[in-house]
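Let the hints inform the model, and build the full structure from the sequences given.
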Amino acid sequence: MGEVLEQFFIFVGLLVCLVHLVKWVRFSKCIFLHFWKVSPRSFLKSMGQWAVITGAGDGIGKAYSFELARQGLNVVLISRTPEKLQAIATEIEWTIGSSVKIIQADFTKDDIYEYIKEKLKDLEIGILVNNVGMLPNLLPRHFLNTPDDIQSLIHCNITSVVKMTQLILKHMESRRKGLILNISSGAALFPWPLYSTYSASKTKKRSSNSHQDELLHFKAFVCTFSKALQAEYKEKGIIIQVLTPYAVSTPMTKYLNTNMITKTAEEFVKESLNYVTIGDETCGCLAHEILASILSLIPSWAFYSSVFQKLLLTRYMDYLKQNANIT
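Position 308, counted from 1, in the sequence shown is what our numbering calls 1361; the numbers after and before it change by one each time, with no gaps.
Check the hints yourself; a few may be wrong.
Said to hold, decoys possible - 20 Å max Cα-Cα, derived DMTMM-like pairs, lysine to aspartate or glutamate:
no., residue 1, residue 2
1, K1230, E1177
2, K1154, E1177
3, K1230, D1333
4, K1280, E1226
5, K1098, E1146
6, K1223, E1285
7, K1172, E1136
8, K1154, E1167
9, K1154, E1136
10, K1098, D1175
11, K1223, E1171
12, K1223, E1167
13, K1154, D1175
14, K1216, E1226
15, K1170, E1226
16, K1154, E1171
17, K1280, D1333
18, K1154, D1111
19, K1230, E1285
20, K1323, D1333
21, K1289, E1320
22, K1216, E1146
23, K1223, E1288
24, K1307, D1111
25, K1223, E1146
In short, the hints are calculated from the structure, not lab data.
Given below as structure tokens:
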């Protein structure tokens, strides 16, 4: 019996070492790509002629639209505000020279996908950026104090990823090449109390005994979905990657003041495109990878403690009010 236990503990120890080794290799790749900035231009262009970006009217989506156009792709911009899309399209066409198509669609609805499918017909789509998303509240608050329109949140943060992937992945499969970037959030790495609806609609599941994580049965969606699809389609030449950035200064985050951690949308997007071949999950920039590593050391019970929730409701709320455009 003693020998069996000894072998078991040796096996567990080796497994733990292996897990940490894999994490270190991935982290080392991020460091290398951050400082040496391997250009993805030829790789991105090889995926296909067109890139499709959802939520392209502002923030990260807008930044991906410009950056992918600079990398030599034509771009399809999808958002619900045609005036913003037209302004972006005109600027891209005049300053960069790429072809641009715009599609007006409201991703809080679920009856838009046949229309989008028709508009994308006959395009050779090499890249899909599932960026559109909603943050019900920037300031932390309890579940029952969040806006009531949960169905719109689910359509925007979850249904859009599934439906857009379904529309485009089948054509990528037939061509045996393609890149799908699913933009999630650092809030997805843990179910955050006081951000329950947002983290649940963006996250991968982690055990919780907090009654505030009411929506976790929608599961851990974007991360889990992306990783499962990558396992299915990797051998068919398709890259499916989920990005989990922390603070990025955008209209959604009320233009948080930038610093070493908080990136502009342009900074984040430019760096994230260096990591498209690094694996099925990345924070998208080195600073956020370091932050994620530090946060992963915090045990689950600490996240769900009343002390942590009090910190979110006081110190973190004060930080947001001082550094974001909140009236």
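Hint by hint, here is what the structure shows:
Straight-line distance between C-alpha atoms of K1230 and E1177 comes to about 11 Å, which keeps the hinted pair within the 20 Å bound. Taking the CA atoms of K1154 and E1177, the gap is near 13 Å; set against the 20 Å cutoff, the hint holds. Taking the CA atoms of K1230 and D1333, the gap is near 16 Å; set against the 20 Å cutoff, the hint holds. A distance of roughly 17 Å separates the Cα atoms of K1280 and E1226; the hinted pair therefore holds under the 20 Å criterion.
At roughly 18 Å between alpha-carbon atoms, K1098 and E1146 fall within 20 Å of each other, so this suggested pair holds. A distance of roughly 13 Å separates the Cα atoms of K1223 and E1285; the hinted pair therefore holds under the 20 Å criterion. The suggested pairing of K1172 with E1136 holds, with an alpha-carbon distance near 18 Å, which does not exceed 20 Å. Between K1154 and E1167 the CA atoms are separated by roughly 17 Å; this keeps the pair inside 20 Å, and the hint holds.
Restraint check for K1154 and E1136: the C-alpha separation of about 13 Å stays at or below 20 Å, so the hint holds. Distance check on the hinted pair: K1098 and D1175 sit about 18 Å apart at the alpha-carbon level, within 20 Å; holds. Note on K1223 and E1171: the hinted pairing holds, with a Cα-Cα distance of about 15 Å set against a maximum of 20 Å. Among the hinted pairs, K1223 with E1167 is consistent with the structure: their alpha-carbon atoms are about 15 Å apart, no more than 20 Å.
Restraint check for K1154 and D1175: the C-alpha separation of about 13 Å stays at or below 20 Å, so the hint holds. With a C-alpha separation of about 16 Å, the suggested pairing of K1216 with E1226 holds against the 20 Å cut-off. For the proposed pair K1170 and E1226, the alpha carbon gap of about 16 Å is at most 20 Å, so the pair holds. Using a Cα cut-off of 20 Å, the hinted pair K1154 and E1171 holds, with the two alpha carbons roughly 13 Å apart.
With a C-alpha separation of about 6 Å, the suggested pairing of K1280 with D1333 holds against the 20 Å cut-off. The straight-line distance between the Cα atoms of K1154 and D1111 is roughly 16 Å, inside the 20 Å bound, and the hint therefore holds. Under the criterion of a C-alpha separation no larger than 20 Å, the hint pairing K1230 with E1285 is consistent with the structure, at around 14 Å. Proposed proximity of K1323 and D1333 is supported: the alpha carbons are some 18 Å apart, at most 20 Å.
Between K1289 and E1320 the alpha-carbon distance is near 31 Å, which puts this suggested pair outside the 20 Å criterion. The suggested pairing of K1216 with E1146 is violated, with an alpha-carbon distance near 28 Å, which exceeds 20 Å. Proximity of K1223 to E1288 is assessed by CA-CA distance (about 14 Å); at most 20 Å being required, the pair is judged to hold. The straight-line distance between the Cα atoms of K1307 and D1111 is roughly 12 Å, inside the 20 Å bound, and the hint therefore holds.
The straight-line distance between the Cα atoms of K1223 and E1146 is roughly 29 Å, outside the 20 Å bound, and the hint therefore fails.
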